[in-house]
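With the sequences and hints as input, model every part of the structure.
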Amino acid sequence: MRKTTLAGLAAAMLLAAAGAPALAQDRPVLTVYTYDSFTADWGPGPAIEQAFEAQCACDLVWVGLDSSVGILTRLKLEGPAAKADIALGLDHFWSTEGARTGLFATHGQDTTSLDLPGGWQDAIFLPVDYGFFAFVYNKETLANPPASLTALVKDAKGPSVVIQDPRSSTPGMGLLVWMRSVFGEGAEAAWKTLSPRIVSATKDWSEAYGLFLEGEADMVLSYTTSPAYHRLAEKDGRFAAARFAEGHVMQIETAAKLKAAPNPELADRFLAFLLTDGFQDKIATGNWMYPVKLPATGLPEGFDAPLPADAVRAVDPARIDAARKGWTEEWLRALAR
Amino acid sequence: MAAGARPVSMGWRRWGIAGWLPGGAAALALVALYALAVAGLLGVAGGPGGFDPFDPYVLSILRFSLIQAGLSTLLSLALGAPLALALARRQFPGRDGLIKAMAIGFVTPVIVAVLGIVAVHGRAGWLNQGLGLIGLDGGTYLYGLPGILIAHVFFNAPLAARIFLQTLQAQPAAHWRLAAGLGMPPGAIFRLIDWPVLRREAPGIAALIFLLCFTSFATVLTLGGGPAAQTLEVAIYQALAFELDFQRALALSAVQIALCLLLTLGLSAFGTRPAEIDAPVAEIARPDRAAPATRLLDGVVFLIAAVILLPPALAILLRGLSLQGFSILADPNLLRATLGSLQVAIPAGLIALLIGFGLAWTARHARLSGHPHLARLPALIASIALVAPPFVLAAGLFAALVGKANPLALGPVLVPLVNGIMAAPFVFRLVGPALDRAGERHDRLCRGLGIRGLARLIWIDWPAIRRAVGMGLAIATAFSLGDFGVIALFGGQDFTTLPHLVYRLMGSYRLAEAGSTALVLLLLIGLLFWLLETLIAGRRHA
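If you read the protein sequences in the order shown, they are chains A and B. Per our numbering, the very first residue in the first sequence carries number 1; after that it's consecutive. Per our numbering, the very first residue in the second sequence carries number 1; after that it's consecutive.
Just to be clear, a hint being listed does not mean it is correct.
[What the hints assert, rightly or not] Covered by chain A, according to a simulated footprint, are these stretches of chain B (three or more residues, beta-carbon under 8 Å):
id : region
1  : 113–124
2  : 217–226
3  : 242–251
4  : 396–409
[Claimed, not checked] For lysine to any residue, the following SDA-like pairs were computed, each having C-alpha atoms within a straight-line distance of at most 20 Å:
id : chain 1 : residue 1 : chain 2 : residue 2
5  : A       : 293       : A       : 276
6  : A       : 83        : A       : 260
7  : A       : 192       : A       : 328
8  : A       : 157       : A       : 138
9  : A       : 83        : B       : 43
10 : A       : 139       : A       : 233
11 : A       : 76        : B       : 409
12 : A       : 325       : B       : 243
13 : A       : 325       : B       : 251
14 : A       : 76        : B       : 390
15 : A       : 83        : B       : 405
16 : A       : 83        : B       : 413
17 : A       : 83        : B       : 408
18 : A       : 192       : B       : 228
19 : A       : 325       : B       : 60
20 : B       : 404       : A       : 79
21 : A       : 76        : B       : 247
22 : A       : 235       : A       : 285
23 : A       : 293       : A       : 278
24 : A       : 76        : B       : 405
25 : A       : 235       : A       : 299
26 : A       : 157       : A       : 143
27 : A       : 293       : A       : 112
28 : A       : 76        : B       : 245
29 : A       : 325       : B       : 247
30 : A       : 83        : B       : 401
31 : A       : 154       : A       : 184
32 : A       : 235       : A       : 141
33 : A       : 325       : B       : 56
34 : A       : 157       : A       : 242
35 : A       : 325       : B       : 228
36 : A       : 325       : A       : 99
Since the hints were derived computationally from the structure, they do not count as laboratory data. The C-beta atom is built at its ideal place from N, Cα and C for all residues, glycine as well.
Take a look at the structure:
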């Protein structure tokens, strides 16, 4: 099916020369749909692939899609023809919508002893990692960050922010949920108050973070773990995540098995593998999130401990599913200056 | 068409198959692909349904889209046309290179260009730093309409200049001999020779730029600042990827296509066809070069263009040149992405050439054989290809084919196809006028001698259109090389491209490496331009 062009041939030859493992046609293939940055060479994907292939006598193939919601779009487009065994990376805000598609089977894993604040009940989607949304700032240019979401919103002379569009970005959706959770019916008014200080609401996290690093805004919506990246990978200690008094909304990324998985047993083995060290110890500095089951080696040196339970703002995914469209429209109304 | 000197014996010749077939086949293929895509999306279990494509939000973004696209077009033409005139009048070292570089802005990945613009116009940008030195603060002026206009002018003014320049330089030599012989002042040369050309080409270029700005996506999202400044394309993406409401995505696409076609038709009513010219073209030193007035004018135009266009380009260059960023050069991903990009861009460029050329060929045939109204049809179809949202086309084709083929194998086939279709209008827009000129010049000769079809293409038309074909192919290929939208929908571990790698790096905090990767992409685009234009357009350049 694949068009063989000269370039493709050359690529294959170069890859083989570079020592890439040859495709073994006789081994079963486990196909995992995920979001793109997970599979990048500097993401956790390659190391996880190696760890799983060492024990499964199979070939793990990642299919990196444009966003985590993109995984669901893709599966819906493919319908029963889907070749995926596992969908990895859909966050818990989308688990109700995901379950509604009827495409996913139950995971059958024991989730009672996870290191996940608030625990886990869902029988279809299995948590794999989590993080806390937070506004990240440069300590040198913003000496006194707001101490709460309310303070950030209410202070007309407060810092400027870059955020993401909730229609295309998961942190954007996270902030929508956070604002609703803190301000309730007053969220639209709160958005209006914040609006003049929103420099931009970008399509993806990348654009927003890029604008922030360019100095376009005082704060950027990201994760509490972002400063750890600068500290550990770049030896740059200027960045910090503001702690907000109302508590932080979590993002929990999940995995689920497709009902129509071509290799259901292999998929089950992969689900079990997700909660072992082979997967979990690559999350912190690979995906810059927290492992849901702390590996034996613990968190890497210099990686902040997760927020304590009292700093977490619990939200009900089922409620978010029902309200998502309305909240998005509210956001659009409030920001359409 | 058989009205020539000799009777035509073969039936297919009487029907002018060689004239109608290329465009007809291209049009049929496009219509079939669109129909397949629509059927594919309708076949997917539906969304909630029962929506109103004209709800207040959609109406408000439509209004904004019209304003920003209209202003972007006006500004791009206002800068592009004088720039083309100045370039037509002047010769200087590096001119050819500059002209080639001008098309690069247009195919720069949006995120790269946006960060270049931010580095100049942002809160902490060069302009504000400069103002700070003299005690002024420009503040944040970028986000909203200003940012969108700056970016769109950065992308499109050089494009407009290149297309204008191409036709300005295709003036018959007799014009210049006459102008020189009569001692025409520069004002008269402009009025009598340049202005008719600009006026003839402006509606087509305006339509192209308007449609590009109207459907602009990531630029508008990032620099627009928020949902007050957005385009219909964003709403379509929202319906398709976020609400998973494929019917709504289709309905909004239909609104977008219908609206854009109406606008294109409106603009084409202003277009004039060139008068029949029967004279050889030659590049001749224009007699208005020496006049002090044009020297001053051209100097001012170059200065304005340089102030607007150069700093962001310089910022992109500087961002790419960093030691940390260069570490990407040792990364095998870079090579893989480069090969992947070529694997998409080369077939996409050829598809664009086939479609665009086919449509232009048949449009000319229709005009020359006395069916001028039919000649509008190919232009209309080319416009549809430009404004049909690529996401919808790609997703629809994917949905239609996924039951019949391995979904993982579809990406490498659909990405070049969709990119090729989207780039076809550029080929059409560039090759069409050149083909028309050749037709008007040689049609009687060809009829008289009975030269048709392939023979006419090779012996008569090719020398006159090769430069336009080279540039069209270069732009179409580069456009596909720089595209990110479609590949993101398919992705895959073993299938990646350079823009894709740029986004991946940025998504993993690696901004320096992303900057250097972007520079590699731009170098590749530059190389491609040079290669295609040298090989196809011949040694003499625009």
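Quick rundown of the hints versus the structure:
no., hint, in the structure
1, 113–124, "holds (count 7)"
2, 217–226, "holds (count 8)"
3, 242–251, "holds (count 3)"
4, 396–409, "holds (count 9)"
5, A:293 with A:276, "holds, 8 Å"
6, A:83 with A:260, "holds, 8 Å"
7, A:192 with A:328, "holds, 14 Å"
8, A:157 with A:138, "holds, 18 Å"
9, A:83 with B:43, "holds, 19 Å"
10, A:139 with A:233, "holds, 18 Å"
11, A:76 with B:409, "holds, 17 Å"
12, A:325 with B:243, "holds, 8 Å"
13, A:325 with B:251, "holds, 19 Å"
14, A:76 with B:390, "holds, 18 Å"
15, A:83 with B:405, "holds, 10 Å"
16, A:83 with B:413, "holds, 17 Å"
17, A:83 with B:408, "holds, 8 Å"
18, A:192 with B:228, "holds, 12 Å"
19, A:325 with B:60, "holds, 18 Å"
20, B:404 with A:79, "holds, 12 Å"
21, A:76 with B:247, "holds, 14 Å"
22, A:235 with A:285, "holds, 14 Å"
23, A:293 with A:278, "holds, 11 Å"
24, A:76 with B:405, "holds, 16 Å"
25, A:235 with A:299, "holds, 18 Å"
26, A:157 with A:143, "holds, 14 Å"
27, A:293 with A:112, "holds, 11 Å"
28, A:76 with B:245, "holds, 11 Å"
29, A:325 with B:247, "holds, 16 Å"
30, A:83 with B:401, "holds, 14 Å"
31, A:154 with A:184, "holds, 15 Å"
32, A:235 with A:141, "holds, 18 Å"
33, A:325 with B:56, "holds, 15 Å"
34, A:157 with A:242, "holds, 17 Å"
35, A:325 with B:228, "holds, 18 Å"
36, A:325 with A:99, "holds, 18 Å"
Every hint, counting from the list given before, is met by this structure.
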